[in-house]
Amino acid sequence: MSLSRQRKVLPGFRLTLGFTLFYLGLIVLIPLAATFAKTTTLSWPQFWHAVASPVTLAAYRLSFGASLCAALVNAVFGLLVAWVLVRYQFWGKKIMDGLVDLPFALPTAVAGITLATLYAQNGWIGRWLAPLGITVAYTRIGVFVALTFIGLPFVVRTLQPVLEDFDPELEEAAASLGANRLKTFYRVILPMIFPALSTGFALAFARALGEYGSVVFISSNLPFRTQIVPVLIMNKLEQFDYAGATALAMVMLAVSFLLLLAINWLQWWGTRHSERT
Amino acid sequence: MIPHPSSRLVQRRPATEPAFVRWILISIAVLFLALFLVVPLVAVFAQAFSKGIGYYLHTLANPATLSAIKLTCIAAGISVPLNCVFGVAAAWAIAKFDFPGKNFLITLIDLPFCVSPVIAGFIFILVFGAQGWFGPWLLNHGIHIIFAVPGIVLATIFVTFPFVARELIPLMQSQGRSEEEAARTLGASGWQTFWRVTLPNIKWGLLYGVILCNARAMGEFGAVSAIGGHQDSTNTMTLYVQALYENYDLTGAFAVASVLTFVAVLTIVLKAWVERKGTPLDNKTTSA
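Top to bottom, those sequences are chains A and B. Under the numbering used here, the letters of the first sequence match residues 1 to 277, in that order. Under the numbering used here, the letters of the second sequence match residues 278 to 565, in that order.
Be aware that a few hints might be false.
[To be verified] If you want a taste of the chain A side facing chain B, the calculated C-beta under 7 Å gives, among others:
(1) F90
(2) G98
(3) A206
(4) L237
(5) A249
(6) S256
[Said to hold, decoys possible] Label-pair distances were calculated between CB atoms; the ranges are:
(7) A/L15 - B/E456: 18 to 26 Å
(8) A/F64 - B/K554: 37 to 45 Å
(9) A/L21 - B/P358: 15 to 23 Å
(10) A/I30 - B/D375: 23 to 31 Å
(11) B/P447 - A/G18: 21 to 29 Å
(12) B/F376 - A/R225: 46 to 54 Å
(13) A/N180 - B/K379: 44 to 52 Å
(14) A/N180 - B/F376: 47 to 55 Å
(15) A/A52 - B/Y332: 44 to 52 Å
(16) A/V55 - B/Q508: 51 to 59 Å
(17) A/L222 - B/A407: 28 to 36 Å
(18) A/F64 - B/A407: 30 to 38 Å
[Claimed, not checked] Mimicking PhoX-like on lysine-lysine, the simulated pairs with C-alpha atoms at most 20 Å apart in a straight line are:
(19) A/K93 - B/K554
(20) A/K93 - B/K548
(21) B/K379 - B/K480
(22) B/K480 - B/K554
(23) B/K554 - A/K94
(24) A/K94 - B/K548
Just so you know, the hints here were simulated from the structure itself, not pulled from any lab data. Each residue gets a CB set at the ideal place from its N, CA and C atoms; glycine is no exception.
Work out the full structure: start from the sequences and follow the hints.
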């Protein structure tokens, strides 16, 4: 067809691609390249000391552990919320649907001071937990609560369109073949939405891993105990230990990039998955 | 004998859960969202007004608060239009033309989403700091970027970089290029095609991206905290919230936070409105 000739009808390819690459280079690529360049000026012992010292290892453990727990909780409750919002009718549904975006829209610092105040010993929620012996504010549980809050919209928003497009005939077929609702859910619905659920989980995990604003207020930020990696990087920055901060930033950038590739792959898997059925 | 007709009856009903299961699921979801979202939202305003409306207005009218509000508006006012122009240009290049490395380019555009805000601020210190690539030159010319307002703006641009592009790329890809090609064949110039055909088609998507971009620009904390250097002159609203909080002025911190929370709620309302307005338009263009 004459598609290839027609395409040349549209102008602006060089202008828009040129500007895109220029702006991308200026804002994203040059600063990232500077981080790489700075890393290469570090000696091995220097680099190793920054990325594998006991304090850093403890921070990795807390960052990855708390982010994983938060993303798992969000996967379970996010699936439940998305399901309820798509499938059922009830009073206040529209408001609830809009509220899901609050963690996106609310600045993390505001979330941080609010959660810290709510979960403090005398806070609205903390005073109910204190008699049970549960302390949330300034502990690792606080880190987990903050990361759960900021990751909440990801699973819901990834699952909603998939559940809306879900063909009800598949469920009816399962029911007519004798499966009960629970079995239909496990054997038909869950496998179908699994790619989207994984994407939402990965997005929530990636967001939690880099989070700073909300955690810094609700955690006591003590080395070895309640310090996450972004807070540790900020500490190094404030002490002008740029070498150490660069090394740690490099590790976190590599992890972010791998997560981004994983998310892209999951999204590709999801589209292929839905096209096949 | 008896199960037979009744099971046939079940088949005819749309597959759903028994009423009590639905009721339990709805209750859990509502309780979860109320605990995690509604309680914090109410708490912000309750804390902000805990010392009365006089103290609230006194905090907001404070010159330090006003200067923080001004800096936040400057940062958002520069980063949102720039990222908007970038988003439209990137979406035009990616959606209307074929070229090698397109998927890689999309991944690169997404990259700032995955970078921790603290690192986003830090990388600009590495470029423009005293030991950075351009540091010595800037120092000789007396230009201050890091620990100054330009650094705040740069870090804000970085963290809000993908928002508009992310909305427009899939939208313009799904719309294809036939309408623009028709306009060109009928004699419209490139700019006329863009203003009269493309822009009306993407306006709701563009607005949606701008709303999200602005919310993040005004609410950014980690990146501007890293590059601001904790000075009064580089306090954005979020940094000023932190400064008040750390000075044990809890009510003051929540008063400033309540303004940001109001912006967040406004963002959600506008977003829902754009979604409602934009959806029938999208359907019209895809079915046409």
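Hints, verified against the model:
Proximity of A/F90 to chain B holds as hinted, the smallest CB-CB distance being about 5 Å (cut-off 7 Å). Interface hint at A/G98: satisfied, since its Cβ lies 5 Å from the closest Cβ of chain B, which is below the 7 Å cut-off. Proximity of A/A206 to chain B holds as hinted, the smallest CB-CB distance being about 5 Å (cut-off 7 Å). At about 6 Å, the closest approach between the beta carbon of A/L237 and any beta carbon in chain B falls short of 7 Å, and the interface hint on this residue holds.
About 5 Å separates the beta-carbon of A/A249 from the nearest beta-carbon of chain B, less than 7 Å, and the hint is met. Look at A/S256: its Cβ gets to within about 4 Å of chain B, closer than 7 Å, so that hint holds up. Checked against the hint of 18 to 26 Å, the C-beta distance between A/L15 and B/E456 comes to roughly 20 Å, which is consistent with it. Restraint check, A/F64 to B/K554: a C-beta distance of roughly 41 Å satisfies the suggested window 37 to 45 Å.
At roughly 20 Å, the beta carbons of A/L21 and B/P358 sit within the given window of 15 to 23 Å. Taking the beta carbon of each, A/I30 and B/D375 are about 27 Å apart, inside 23 to 31 Å as hinted. In this structure, B/P447 and A/G18 meet the distance hint of 21 to 29 Å, their C-beta atoms being roughly 22 Å apart. Distance hint check for B/F376 and A/R225: the Cβ-Cβ separation is about 51 Å, which falls inside the suggested range of 46 to 54 Å.
A C-beta distance of roughly 47 Å is found between A/N180 and B/K379, which places it inside the suggested range of 44 to 52 Å. The hinted window of 47 to 55 Å between A/N180 and B/F376 holds, with their beta carbons roughly 52 Å apart. Checking the proposed 44 to 52 Å range against A/A52 and B/Y332 shows it holds: the Cβ atoms sit about 49 Å from each other. Under the hint 51 to 59 Å, the C-beta atoms of A/V55 and B/Q508, about 28 Å apart, miss the expected range.
As the Cβ distance of A/L222 to B/A407 is approximately 31 Å, the hint placing it in 28 to 36 Å holds. Look at A/F64 against B/A407: about 34 Å separates their beta carbons, and that is inside 30 to 38 Å. This hinted pair checks out: A/K93 and B/K554 have alpha carbons roughly 19 Å apart, not beyond 20 Å. A hinted pair counts as satisfied when its Cα atoms are at most 20 Å apart, and A/K93 with B/K548 qualifies at roughly 16 Å.
A hinted pair counts as satisfied when its Cα atoms are at most 20 Å apart, and B/K379 with B/K480 does not qualify at roughly 24 Å. As the CA atoms of B/K480 and B/K554 are separated by approximately 11 Å, the hinted pair is consistent with the 20 Å bound. Restraint check: the Cα-Cα separation between B/K554 and A/K94 comes to about 15 Å, which is no more than 20 Å; the hinted pair holds. For the proposed pair A/K94 and B/K548, the alpha carbon gap of about 13 Å is at most 20 Å, so the pair holds.
The structure fails to meet hints 16, 21 from the earlier list, while all remaining hints are met.
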